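Read left to right, the sequence shown gives residues -21 to -1, 1 to 387 (mature numbering (1 follows the signal peptide of the UniProt record, and there is no 0)).
These are calculated hints, taken from the structure and not from any lab test. Take every hint as true, because none was put in to throw you off.
Derived DSS-like pairs (lysine-lysine); straight-line CA-CA distance at most 30 Å:
#, residue 1, residue 2
1, 364, 251
2, 251, 331
3, 168, 151
4, 363, 327
5, 331, 376
6, 251, 358
7, 184, 168
8, 307, 376
9, 251, 168
10, 184, 364
11, 369, 184
12, 202, 180
13, 376, 358
14, 184, 151
15, 230, 147
16, 251, 31
17, 151, 180
18, 314, 331
19, 307, 363
20, 168, 228
21, 315, 376
22, 172, 147
23, 228, 180
24, 332, 307
25, 168, 315
26, 327, 358
27, 332, 369
28, 376, 327
29, 184, 172
30, 369, 180
31, 172, 376
From a predicted model like this one, the values you see are computed outputs, not experimental measurements.
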Amino acid sequence: MNTFRKSLIVILFFTVTTALAQIPDNVKSYAVIGVFNLESNAQRFADFYATKGLKTSVRENNFNNLHYVYVHESSDVEEARSRVLSIREQFSALGKTWLYNGNFNCLHIPSDQLKQQNVASNSGGNDLEKLVHDVEEAELEREARQANMQNEMTEEMVAQNEEPVRVKPDDKFWVYFNTYDVTDLHEVKGSVKTTDIERQKDLGKLPTQELVEMDDPNNGTRKVNFETDIFGYRIVNRQVDLDEPETSKDKEHVTTIGDSIIVDMPLRRYNKGDYMTMWNVYFYIDAAIMREESITELNQLLNMMQENDNMRIAIHGHTNGNSHGVVKHLDLDDKKFFSLNGSHLETKASAKKLSEYRAYTIQHWLMDQGIEEDRMEIKGWGGKKMLYDKHSSSAEKNVRVEIEILEE
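Whole structure, please, built from the sequences with the hints as guidance.
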């Protein structure tokens, strides 16, 4: 063996043993079927799948404060991986079941790193050359992949440890909107509309599935209404007394943990025959090109279509009035859905045709995300079904896209 090769072996052996020494104690492999912010959501999810015959357990990962629901644990990585695959095949709703290697005090440890540990512990000095051959390529790849992540996580943890304990200001309220799908119990991110009940004043939107700091409504009673704004789900309303949450009108859906108010908002999908308005999808004037801020609601529509392969929809486009003019629109090869810059088609068209082009743009975008064309129909109505007079202060709401569920 030449000097360079000997040096390489020594370096690699040192690198491998150093890396292996960093693996924490009591590491096992788990088949994880869900991860949740709230323990109550995790337990609800675990109880549900326990009724389906799975042996479920819930455990908090102290590193990221998330609650893991798992159905199998093993000291053998491949055994756990096999269980992950069998769960995916057995339960279509658990197609995202994944493998977690760790001890719930760390992030996932790559399987190849655990395998290297097993190889190293079972190899003698005479097998050093084989060890290097087996691990040098995987180790170098692992280093490149892990280095940045470990540095970032270390910096984040240090920063978190340096943060002082938060104290709630007297004029603020900490609220957590627990929005989850009642069908499979997964947590759903979105937003809620906040309304001052006493003055019927819009107080803006707040995000769900995270602890938010809300301003005091200063309305005398501190009573507010929270309304879900998540496309594809029926609206849920909750009236809450911020001063005394336990006396709220919807108190059965409100709990407190310390200074935080937890508002439960279970969500139900729409059904066949229902219509939903995409109020947060916006188009440029005289164009079937969407504005970038439309992407959030588009993704919510996409999620709805991906969850149910049997769902078919009709996309209805509407305009404010029935004027004619030159409009920009897409053809099948044009994928610049969110930019006026580009070689878009320009056509002199009626308002009805413009509304059809806009419906087509959404269909085209969904097709680009993998949704089959035959699951969608499009219809342009122009100004035939306006909600308001075209000169009223609310006339802009006439410009909209509605989704009708044809089959589910």
